[in-house]
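2 protein chains.
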Amino acid sequence: MIAQTGTTITIAALARETKLASRVLAAAGTAEKDRALRLMAAGLRRRREFLRERNAVDLDRARENGLSAAMIDRLTLSEAVIEAMAAGLEEVAGFADPVGEVVRMWRRPNGLMVGRQRIPLGVIGMIYEARPNVTADAAGLCLKAGNGVILRGGSEAIESNRAVAAVLRDALAETTIPAAVIQVIPHTDRQAITEMVQLEDDIDLIIPRGGEGLIRFVVEHSRIPVIKHYKGVCHVFVDDSADPEMARRIVINAKAQRPGVCNALETLLVHAAVAADFLPAMAADLAAAGVAVRGCEQSRAVVPDFEPATDEDWAAEYLDLVLAVRVVPDLDAAVEHIQTWGSNHTEAIVTGDYHRSQEFLRRVNSSVVMVNASTRFSDGGQMGLGAEIGISTTKLHAYGPMGLEGLTTTKYIIYGDGHIRP
Amino acid sequence: MIAQTGTTITIAALARETKLASRVLAAAGTAEKDRALRLMAAGLRRRREFLRERNAVDLDRARENGLSAAMIDRLTLSEAVIEAMAAGLEEVAGFADPVGEVVRMWRRPNGLMVGRQRIPLGVIGMIYEARPNVTADAAGLCLKAGNGVILRGGSEAIESNRAVAAVLRDALAETTIPAAVIQVIPHTDRQAITEMVQLEDDIDLIIPRGGEGLIRFVVEHSRIPVIKHYKGVCHVFVDDSADPEMARRIVINAKAQRPGVCNALETLLVHAAVAADFLPAMAADLAAAGVAVRGCEQSRAVVPDFEPATDEDWAAEYLDLVLAVRVVPDLDAAVEHIQTWGSNHTEAIVTGDYHRSQEFLRRVNSSVVMVNASTRFSDGGQMGLGAEIGISTTKLHAYGPMGLEGLTTTKYIIYGDGHIRP
Numbered sequence: 213m214i215a216q217t218g219t220t221i222t223i224a225a226l227a228r229e230t231k232l233a234s235r236v237l238a239a240a241g242t243a244e245k246d247r248a249l250r251l252m253a254a255g256l257r258r259r260r261e262f263l264r265e266r267n268a269v270d271l272d273r274a275r276e277n278g279l280s281a282a283m284i285d286r287l288t289l290s291e292a293v294i295e296a297m298a299a300g301l302e303e304v305a306g307f308a309d310p311v312g313e314v315v316r317m318w319r320r321p322n323g324l325m326v327g328r329q330r331i332p333l334g335v336i337g338m339i340y341e342a343r344p345n346v347t348a349d350a351a352g353l354c355l356k357a358g359n360g361v362i363l364r365g366g367s368e369a370i371e372s373n374r375a376v377a378a379v380l381r382d383a384l385a386e387t388t389i390p391a392a393v394i395q396v397i398p399h400t401d402r403q404a405i406t407e408m409v410q411l412e413d414d415i416d417l418i419i420p421r422g423g424e425g426l427i428r429f430v431v432e433h434s435r436i437p438v439i440k441h442y443k444g445v446c447h448v449f450v451d452d453s454a455d456p457e458m459a460r461r462i463v464i465n466a467k468a469q470r471p472g473v474c475n476a477l478e479t480l481l482v483h484a485a486v487a488a489d490f491l492p493a494m495a496a497d498l499a500a501a502g503v504a505v506r507g508c509e510q511s512r513a514v515v516p517d518f519e520p521a522t523d524e525d526w527a528a529e530y531l532d533l534v535l536a537v538r539v540v541p542d543l544d545a546a547v548e549h550i551q552t553w554g555s556n557h558t559e560a561i562v563t564g565d566y567h568r569s570q571e572f573l574r575r576v577n578s579s580v581v582m583v584n585a586s587t588r589f590s591d592g593g594q595m596g597l598g599a600e601i602g603i604s605t606t607k608l609h610a611y612g613p614m615g616l617e618g619l620t621t622t623k624y625i626i627y628g629d630g631h632i633r634p
Numbered sequence: 213m214i215a216q217t218g219t220t221i222t223i224a225a226l227a228r229e230t231k232l233a234s235r236v237l238a239a240a241g242t243a244e245k246d247r248a249l250r251l252m253a254a255g256l257r258r259r260r261e262f263l264r265e266r267n268a269v270d271l272d273r274a275r276e277n278g279l280s281a282a283m284i285d286r287l288t289l290s291e292a293v294i295e296a297m298a299a300g301l302e303e304v305a306g307f308a309d310p311v312g313e314v315v316r317m318w319r320r321p322n323g324l325m326v327g328r329q330r331i332p333l334g335v336i337g338m339i340y341e342a343r344p345n346v347t348a349d350a351a352g353l354c355l356k357a358g359n360g361v362i363l364r365g366g367s368e369a370i371e372s373n374r375a376v377a378a379v380l381r382d383a384l385a386e387t388t389i390p391a392a393v394i395q396v397i398p399h400t401d402r403q404a405i406t407e408m409v410q411l412e413d414d415i416d417l418i419i420p421r422g423g424e425g426l427i428r429f430v431v432e433h434s435r436i437p438v439i440k441h442y443k444g445v446c447h448v449f450v451d452d453s454a455d456p457e458m459a460r461r462i463v464i465n466a467k468a469q470r471p472g473v474c475n476a477l478e479t480l481l482v483h484a485a486v487a488a489d490f491l492p493a494m495a496a497d498l499a500a501a502g503v504a505v506r507g508c509e510q511s512r513a514v515v516p517d518f519e520p521a522t523d524e525d526w527a528a529e530y531l532d533l534v535l536a537v538r539v540v541p542d543l544d545a546a547v548e549h550i551q552t553w554g555s556n557h558t559e560a561i562v563t564g565d566y567h568r569s570q571e572f573l574r575r576v577n578s579s580v581v582m583v584n585a586s587t588r589f590s591d592g593g594q595m596g597l598g599a600e601i602g603i604s605t606t607k608l609h610a611y612g613p614m615g616l617e618g619l620t621t622t623k624y625i626i627y628g629d630g631h632i633r634p
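Residue numbers (the numbering used here), protein chains in the order written: chain Z, 213 to 634; chain Y, 213 to 634.
In short, the hints are calculated from the structure, not lab data.
Errors might be hidden in some of the hints.
Unchecked claim - Partial list, computed: chain Z residues near chain Y (C-beta under 10 Å): (1) Thr-242; (2) Ala-243; (3) Leu-271; (4) Asp-272; (5) Ala-378; (6) Asp-497; (7) Ala-499; (8) Val-503; (9) Phe-589; (10) His-631.
Stated by the list, open to error - Not everything, but these chain Y residues come out facing chain Z in the computed CB check (under 7 Å): (11) Arg-460; (12) Val-514; (13) Ala-585; (14) Gly-596; (15) Lys-607; (16) Tyr-627; (17) Gly-628.
Unchecked claim - Footprint (simulated), chain Y over chain Z, 3 or more residues, beta carbon under 8 Å: (18) 405-417; (19) 609-620.
Backbone N, C-alpha and C fix where the C-beta goes; we use that ideal spot for every residue, glycine too.
Here chain Z stands alone, though its shape is the one from the complex:
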């Protein structure tokens, strides 16, 4: 795929090659990009034996290294996972192409027409861990938005990632899009990341997906803009005007429907005026769902079974069947708690009061703010953005779930008629 003589030269050369190829892709029409995506899907289905063979090499190594059953499960390219990758590419082919849209155009007093038009970002650098299906998902979304992609997956999945990329690149041979728009970095050491994130001339955006340690490492070293979220400490505030049954349903769904993901609920805030009424029934629901609770003093006065919470609990992203509970005197205190301890990911209020709903929406500036809905809806697919390539709690460029539109930017276009500046 690339020359193996000296890491520095090869990653820089690979990025340059991707940049040059990305210019051809940027000019490609929607029909050609969609045809490529469908060929890529067909390739994955046709060559699934090859994919499973290469995946078996990773799986053997994983077992030798004593990886957990959960890790091995995430690493496995089963028939179902391969089919899901192929179906995902076909789904992306069906999405609207964001490239070329003129977002707005206006006339200046001197007659100049000025507009903003959506264009690809250029080259995206994806840095991710175990799951090899990310290779196909990210490549598909980047291609649809007209971007080259450089994929740097983890060492556990390197054979699988290279195999998936090889199949996708081979499919491009039947199109006018150069295979070099999809690249896998074969080096899996951290030094490869350090080198990659210096290449600001040839890579336009870095998207790291993985643990907080990996993401902090990338941010610390990168000269290239990074779209990231460190963690999701999501809140639900149950107002004193909330329908208590709706509130309990939303809390259980937000916490327990899938506790291991970033949009799961971590801290429940309850208005003091309803704490005594609400918390016992809520506690019973949580216990029934297997959720352990760490509560503030006031909540423990109502439900003594709650373990005592410390400041660490307000900052915690448990990603597990554990919930922090705090009683707050009013909406002000709820907002302040969220601003102090939150991660700018997703917050919801449950309320029947119009004014409170508006005040919560206005004052909380997390990336997704909800009224009377489960935090689990904070997801590109659920919100109608199409597939999601990442989620950002950095306010620049794409704040919140990031779909195809987030993989583009806008340039200004100007139509003149010989205009010169006085």
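Go by the hints and put chain Y onto chain Z.
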């Protein structure tokens, strides 16, 4: 203004204070922000003697240090400059408030209403060099967009910057907006920049304005997103269907109307089919405007007076009455030259051909792409974006001139009715 015990603690503490104050500002209404801007303008006018006294300290030091007349001119807070700062703040008060706008809202099949609403970025870190008027301009734009601002100006202007900020902060005492939303870092060493750009929890965006060395230093050290442009190597391509008089007028305007700015023309590309006709008259116009030309071999075959150009000239941002000229065989070659040597700033085609105009607009993805207009129009004010706080050739977030809208981001807002995820 801030405690002086240990630089690290104080810059971090100052940033924290700004972040907390920025939350009050983010919730402030448009009327209150506009009132604050008018009070700030009145304060600058009323206290111009104080400003001139503090400015004199900087000017004395500048003369002792033998700064150039041009530098001293940029440093001077004359009556006219103070009036311009005040008028600028009043102008910003008249602009539409970007905050709160719901950009789009849609209904999901399950009835959830999902929308995007414009919110302030939070806290902006401005890093700039000599001109003290930037202090007022940046503070005004950041305030209007609901952001706190931390200003780190150069050592030459430190007394002036602090005086301007003090006047602006005093004006805020008559409002509900905390003075702490406008801060000047008193430390003018590079170490202060290094510390500032690590504070990713409290600063949301860094905007450096100054020489390429300063900007590269900031990018290298920052963990916070940076909006920047290193340089503006702008191109005009004169197509063979161009009206030659229009082309000459645009080239002279783009090069000579104000050569020291980033949207000035640096390289002229001429279609080979018209080079022999076009270049002699163009050369005469350029000579009359005092512009020295470095030309490619083909151009020198037509106008032997041109100095020979080297590859360095294609990459040069002269910021002076110097122009590089290259004859290219066709539009393809012009696009390739721009992609190879350009800086993604601003490019224009002069053409009478419809198809070429569209192809140029489609294929060139610089931040501003024009047909039949001078590159000097690449400016937030000229393009109708209101005042300009910076210009970006980084594709993320704000590509091209950045006005008030670029100082905001969008959050997602969701209206539910007890929705839980199945």
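Evaluation of the provided hints:
no.: 1; hint: Thr-242; in the structure: violated, 13 Å
no.: 2; hint: Ala-243; in the structure: violated, 16 Å
no.: 3; hint: Leu-271; in the structure: violated, 32 Å
no.: 4; hint: Asp-272; in the structure: violated, 37 Å
no.: 5; hint: Ala-378; in the structure: violated, 29 Å
no.: 6; hint: Asp-497; in the structure: violated, 13 Å
no.: 7; hint: Ala-499; in the structure: violated, 19 Å
no.: 8; hint: Val-503; in the structure: violated, 15 Å
no.: 9; hint: Phe-589; in the structure: holds, 6 Å
no.: 10; hint: His-631; in the structure: holds, 4 Å
no.: 11; hint: Arg-460; in the structure: violated, 10 Å
no.: 12; hint: Val-514; in the structure: violated, 24 Å
no.: 13; hint: Ala-585; in the structure: holds, 3 Å
no.: 14; hint: Gly-596; in the structure: holds, 6 Å
no.: 15; hint: Lys-607; in the structure: holds, 4 Å
no.: 16; hint: Tyr-627; in the structure: holds, 5 Å
no.: 17; hint: Gly-628; in the structure: holds, 3 Å
no.: 18; hint: 405-417; in the structure: holds (count 3)
no.: 19; hint: 609-620; in the structure: holds (count 4)
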